[in-house]
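Q: So the protein lines, in turn, are chains A and B.
Heads up: the first sequence at position 421 corresponds to 421 in my numbering, and the numbers run straight through without jumps.
Take the position in the second sequence, starting the count at 1, then add 509; the result is the number in my numbering.
Take the hints with a grain of salt, since some may be wrong.
[Stated by the list, open to error] Using C-beta positions, here's what the derived DEER-type ranges look like:
{"id": "1", "chain 1": "B", "residue 1": "795", "chain 2": "A", "residue 2": "94", "range": "47 to 53 Å"}
{"id": "2", "chain 1": "B", "residue 1": "763", "chain 2": "A", "residue 2": "120", "range": "42 to 48 Å"}
{"id": "3", "chain 1": "A", "residue 1": "455", "chain 2": "B", "residue 2": "721", "range": "53 to 59 Å"}
Everything labelled a hint here was simulated from the structure, so no lab data went into it.
For glycine and all other residues, C-beta sits at the position ideal for the given N, C-alpha and C.
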Amino acid sequence: MNRIFATKAGSDVYRLRIPWRPFSNDAAPLLSSQNAGNPEKGSEAKQYDIAIVGGGMVGLALACSLASRPLTRHLNVAIIDSNPALGRKHFIKKEDLPDPRVSTITPATISFFKDIGAWQFVEQHRHAYFDKMQVWDYTGLSYAKYNARDADKEVLGCVVENKVLLSSLLSRVQETVLPKKIYPSRLNSMSILPNSSSSEVDSTLSMTALFTHGRLAKLELEDGNSLYAKLVVIELAPVGADGGKSRVRELAGFRTTGWNYSQNAIICTVEHDVENHCAWQRFLPSGPLALLPIGDKFSNIVWTMSPKESSEFKSITEDNFLKAVNHALDYGYGPHPTPSILGSSDLFSWLKGGISKSANDCFEIPPKVVKLASERMAFPLSLRHANDYASKRVALIGDAAHTVHPLAGQGVNLGFGDASTLSSVISEGIAVGTDIGEVSLLKKYEADRKPANVMMMAVLDGFQKAYSVDFGPLNILRAAAFHGAHHISPLKKSIISYASGEMRLPLFA
Amino acid sequence: MASSMFLAQRRWFLSLPRNLSNARFFSALPSEHPVSVSGPQNNVGPESNKFEKASSAPSSLKEPELAKFSAIADTWWDSEGPFKPLHKMNPTRLAFLRSTLCRHFRKDPLSARPFEGLRFIDVGCGGGILSEPLARMGATVTGIDAIEKNIKIARLHANLDPTTSTIEYCCTTAEKLVEEQRKFDAVIALEVIEHVADAAEFCKSLSALTAHEGATVVSTINRSMRSYATAIVAAEYLLQWLPKGTHQWSSFLTPEELTMILKRAGVDVKEMAGFVYNPLTGRWSLSDDISVNFIAYGTKEK
Chain A
1 MNRIFATKAG SDVYRLRIPW RPFSNDAAPL LSSQNAGNPE KGSEAKQYDI AIVGGGMVGL
61 ALACSLASRP LTRHLNVAII DSNPALGRKH FIKKEDLPDP RVSTITPATI SFFKDIGAWQ
121 FVEQHRHAYF DKMQVWDYTG LSYAKYNARD ADKEVLGCVV ENKVLLSSLL SRVQETVLPK
181 KIYPSRLNSM SILPNSSSSE VDSTLSMTAL FTHGRLAKLE LEDGNSLYAK LVVIELAPVG
241 ADGGKSRVRE LAGFRTTGWN YSQNAIICTV EHDVENHCAW QRFLPSGPLA LLPIGDKFSN
301 IVWTMSPKES SEFKSITEDN FLKAVNHALD YGYGPHPTPS ILGSSDLFSW LKGGISKSAN
361 DCFEIPPKVV KLASERMAFP LSLRHANDYA SKRVALIGDA AHTVHPLAGQ GVNLGFGDAS
421 TLSSVISEGI AVGTDIGEVS LLKKYEADRK PANVMMMAVL DGFQKAYSVD FGPLNILRAA
481 AFHGAHHISP LKKSIISYAS GEMRLPLFA
Chain B
510 MASSMFLAQR RWFLSLPRNL SNARFFSALP SEHPVSVSGP QNNVGPESNK FEKASSAPSS
570 LKEPELAKFS AIADTWWDSE GPFKPLHKMN PTRLAFLRST LCRHFRKDPL SARPFEGLRF
630 IDVGCGGGIL SEPLARMGAT VTGIDAIEKN IKIARLHANL DPTTSTIEYC CTTAEKLVEE
690 QRKFDAVIAL EVIEHVADAA EFCKSLSALT AHEGATVVST INRSMRSYAT AIVAAEYLLQ
750 WLPKGTHQWS SFLTPEELTM ILKRAGVDVK EMAGFVYNPL TGRWSLSDDI SVNFIAYGTK
810 EK
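Make the full structure from the sequences, and use the hints.
A: Below, the structure is given as structure tokens:
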């Protein structure tokens, strides 16, 4: 484990020059900003209420959320992202095969999308609800099956391609009255000066004067544009030559804590003979393999393994890869679990709530994978968390604040939670006449989100660690935990609620 | 008796080191005549009524004392500085003002600037930490404070934002504005009344400043066992949020007493709420519990 404690680089006055490489959700090569056509090039700097650095899913969700609240819908918003997809109206073709970059979004995220008016656009595209989930491990000792009805819910979640989420949010934000402008460029530098009010001010209140007195942040873009904003929201983890680890800390003095798992994830789209309506996850010795329904007869695969294995699995032939996937989802690495190994469910029957409704659901074998429907992509896994989410005039959301293990697909849901909370905090601030860049206001957002995100990260990290060890007693313990999770109704309900994004702590309800 | 206590408190205050933190403590100090709030006889003549001329106020202060004021006043806007408790409480006070005044003036609570077109006065404005949010909410704000330095800080700070640069800041007292026959749609005096020498006279002035069918809002600390424990023992001695001796428990008013003196001044208290501090979250919230900090909203009777 490679632990990194970055040191604080910030002082009261910080001027940073950070090269930014946007994380594009679109596979298209990045256009440089000159090609994007910029009518305002070289013209005078503009002033905004909020500048969102990164028009990814979370950044756009923030814009939509601001647009949906009466107190924030008139804020002037600039979105800075060089992703050319943001300049196009409809960048999704129906006939496209599913993109391997997908998100498993929770019921909480779905209701957030409904609140901000973006869900109707998602529904126009491919998306797959699932109401069942089967989790098992390679030892054959146990399995757990979750069913939405255990928690009296319709669905456990929905798998949606990232580009569908992005285009839906973009369509939504474009139809709102929110005054916004998309800058198809990248951030070159950001500067914020400390507050000062001790010197005399000229009466013109120029942007430069406001900047000098710490009332506005100044952003300079690669294409020569510069703009000022009361609040800068950073969505993107700035990626530097060194993989983005040391850049985040430079950013306005934000420190991060994290480690790299010595693991890579392979993602791809696969096709079955039948439709898949269940989310499957099997813990293998090298890491979990997830098979998520993505609509029609397609599924998405997220397979975690060592970097060596991942380069191997990436280069083997399609046939061999499919064989390996089917092997891993069936008898590979160990036998099928049977419910009787740890004794019958009577063991837990004394518990209040009794046996969960789905306890008698039998172990099932996932549908066979018959075809590879996309390229195989590999990326390294890491866990990273910013120690602070807010400083004067700056707030971090989404990947800039936290990157998590993709296990259970919680990452982007945490980001949407950030966007929802931040817009609500901004709205509350405006209600009581606060300057929206005030650190005391932004710290409210941090206080709301940090514990929730840290908890989810710890849970996921714990899962990851528990399953990366193959050790007899631990296997039994794990099996017992699974067994409990499978049979004890209140526990099962709690787990589902937590994973759905509705509960703060994964404890008994 | 009350005024001598007040004087003693004031002298003590002037000898304090710079970690002084109760905002409203000195914002309420009439710097020229400490007892001026108690009656018109101490008010300066009409020639000083112009706001600019009122700056003669701190003349009775010695230069070193002024330096001390400056040192503290500069930290008015440091939300992590000595005024932190007030900054923390501010959103809660404003939430109360927003909801009651939107109802009173029949304004849309979902508007970002509901108070557009209304004249508000912030009595004892200090560095302007209440005036500025009120201006952002659309009100035409006048902020008054008897300390020249506070007014200077407030004006400098407000000038840095086009939405707050319209605030009219004056170094004056409520009594002087009454003499000038100024009227405001809402008269707001938060955490001030516990520091004035004669609360009844002060309330009369607030009432006189309130326009016909206007609103008056006053907040203070209750005189209860719990307020003694929290506002004095905890805030001043244990947590050291406030300098020891900031508050005189015996000069606090109970909600009943405040209602009574406002009533005598012609203001009918319509609503009251408490501020409750949650030490776990570090946040203040509105509650029905008025046993420590409370705020009262009233309307001017005909």
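Q: Against this structure, judge whether each hint is valid.
A: Comparing the hints with the structure gives:
For residue 795/B and residue 94/A, the Cβ-Cβ distance of about 52 Å falls inside the hinted range of 47 to 53 Å, so the restraint holds. Checked against the hint of 42 to 48 Å, the C-beta distance between residue 763/B and residue 120/A comes to roughly 56 Å, which is inconsistent with it. Separated by about 55 Å at the C-beta atoms, residue 455/A and residue 721/B satisfy the suggested range of 53 to 59 Å.
Consistency with the previously given hints fails for number 2 only.
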